[in-house]
Amino acid sequence: MNVITTNGLSKHYGSVTALDSLDLSLESGEPIALIGPNGAGKTTLFSLLCGYIRASAGTATILGHPVGSSALNGKLAALPQDAHLDPRFSIQRQLRLLAKLQGFGGSDARQEVQRVLDTVQLGDIGAKKPGELSHGMRKRVSLAQTLIGSPELVLLDEPTAGIDPPNVKIIRDLIRSESSNATFVISSHNLDELEKLCSSVVYLSSGKLLESGPIDASADEGYLTIRLPSVSEEQFKRECLKLNGVLDVQRQAQGDYLIQHTVGHAVDQALLAMLAKNAWPYRHIIKGRSLEDRLYG
Amino acid sequence: MSVISIALNEWARLFLSKRGWIAIIAFALIWAIFLMYVIAPAARYISSQEVGLVLGSLLARFGANALNNWQSTEMALYWAFALYVLPFFTMISAADQIASDKARGTLRFLILRASRTSVFFGRFIGQYLIQLFIIIVTMASVLALIGYHSAESLTDALPEVPVVFVNMALVLMPYVALMALVSVIAQSAKQATLFAIIGWIVLWFVLGYVQNNFGPFPILDWVLPGSQLGSLVRLSGWDTLNLAPIPLLHTVVLLGLGWFAMNRSDL
Chain A
1 MNVITTNGLS KHYGSVTALD SLDLSLESGE PIALIGPNGA GKTTLFSLLC GYIRASAGTA
61 TILGHPVGSS ALNGKLAALP QDAHLDPRFS IQRQLRLLAK LQGFGGSDAR QEVQRVLDTV
121 QLGDIGAKKP GELSHGMRKR VSLAQTLIGS PELVLLDEPT AGIDPPNVKI IRDLIRSESS
181 NATFVISSHN LDELEKLCSS VVYLSSGKLL ESGPIDASAD EGYLTIRLPS VSEEQFKREC
241 LKLNGVLDVQ RQAQGDYLIQ HTVGHAVDQA LLAMLAKNAW PYRHIIKGRS LEDRLYG
Chain B
1 MSVISIALNE WARLFLSKRG WIAIIAFALI WAIFLMYVIA PAARYISSQE VGLVLGSLLA
61 RFGANALNNW QSTEMALYWA FALYVLPFFT MISAADQIAS DKARGTLRFL ILRASRTSVF
121 FGRFIGQYLI QLFIIIVTMA SVLALIGYHS AESLTDALPE VPVVFVNMAL VLMPYVALMA
181 LVSVIAQSAK QATLFAIIGW IVLWFVLGYV QNNFGPFPIL DWVLPGSQLG SLVRLSGWDT
241 LNLAPIPLLH TVVLLGLGWF AMNRSDL
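Chains A and B are the protein sequences, given in the same order. Take the first sequence: its letter number 173 is residue 173 in the working numbering, and every next letter is one higher. Take the second sequence: its letter number 28 is residue 28 in the working numbering, and every next letter is one higher.
No wet-lab data here; the hints were simulated from the structure. Fair warning: this is a prediction, and the values are worked out from it, not measured in the lab. Just so you know, nobody snuck in bad clues.
List of simulated lysine to any residue pairs, SDA-like, C-alpha gap at most 25 Å:
| # | chain 1 | residue 1 | chain 2 | residue 2 |
| --- | --- | --- | --- | --- |
| 1 | B | Lys-190 | A | Phe-89 |
| 2 | A | Lys-129 | B | Ala-189 |
| 3 | A | Lys-237 | A | Leu-247 |
| 4 | A | Lys-277 | A | Val-231 |
| 5 | A | Lys-75 | B | Asn-263 |
| 6 | A | Lys-128 | B | Thr-106 |
| 7 | A | Lys-196 | A | Glu-178 |
| 8 | A | Lys-128 | B | Phe-15 |
| 9 | A | Lys-75 | A | Ser-200 |
| 10 | A | Lys-75 | B | Leu-267 |
| 11 | A | Lys-75 | B | Ser-265 |
| 12 | A | Lys-129 | B | Lys-18 |
Use the sequences and the hints to build the structure in full.
Next comes the structure, spelled out in structure tokens:
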């Protein structure tokens, strides 16, 4: 089933085109990564899908309903990038109102709020006001509101931006566990994180769709990625290039080495043997390239 | 259903927040001062026969001699005072219907679960009910004052209560609608109040200019919210309802503009 369909969807701000005739069709299932550089149109797309802004041209449907349709109440949930709860009222009171608007009765709303707060491991902070929580905890509360009821599609705009690693891990684990109940579309600049969570990708640039679909496994053939701390780059490259089938070794920005080899050669076994012989401890070896290398390499 | 939930939540926004309580306490103090040091002494003063005669002729000169027709002096003073003061309080207390939630992004959480129309009218209805509550509380305080001085005067005042309540409810309605409109455009409650005051003054100047240079156009006398107040103070009893279509029309127009702005605005 299609969760999102857009036809010629465009958004202009004066002479600036934020989204340019986007034709997109996303199916329900595994989490989908929405990626692209700043100004690519990711937040604009989310805002259009949530009905926060109006399209300049084109149409969009969510779960078969037009954007803004009352039929989407409870089916579509979103974590907007810069949205905050009211600092004057308790978390519980505000989430309870959202639950009531989704059709929960008084005591059911209370129970549902407790359930979603428990899900984000913040079951004991209901009585607190947003200002009493850390940035990471506030983000988790915002994530909790997306889980009220049983949404079919959840849009998350930069869910882990500016958050400390423990909170990032909690959010990532949560998305992974909840992804069996709903389709998540996640926008983020953290490609490592998206690669861990998502099996398909929508790649935007300058408001245009560059790529959409499952992460292509065939693009991984002929590549190995290895993280190898405390070994001289020059020494490693020299030893590596001696291996049968290795074509090139590149040091990536984040410190990993990307090894390109001829397809069909079992370079991984030879590489492990070489590492053992030189007593070089490695952190991890990945068959293929990282999402970042695939898109920007 | 969502309109009711949003309207009821407006009460929580007033009574469960520090800012709401500061506004309530500030208004209660101002009202208590007005009650003790303006209405009570003025009612006693006017009630004396000589002063009453002098005041009667003065009110007649200003076209407000209908105040003499009120059975209760205190209620007549409340009427004259509330007509001009409560709209200002409304412009402050009802200023944050949409503004701060929109600026903060809180509205984005609501819009996924309720239509913009529900949010807009829910907030308007909630704020209007709060204004009705304020009318009831202020009228009750005046009745308590009257009853404290004389049970006989209270009997005179009670028949006038429905007239005053219905009229005050009509008078305040377009001001709540005005604040609903400007709070869609503004980024904060303070800005909304400022926009409303500046907009009112600018419109007043423009209308005056048009009337002086191209008029008179009698219909333009009724364009501004509250434009009927001068005429209203000249009426008494249920005759006051002759002017009821004006605030109702103002409310419909302002709500229509606000609803349009709400549906067109980016969140």
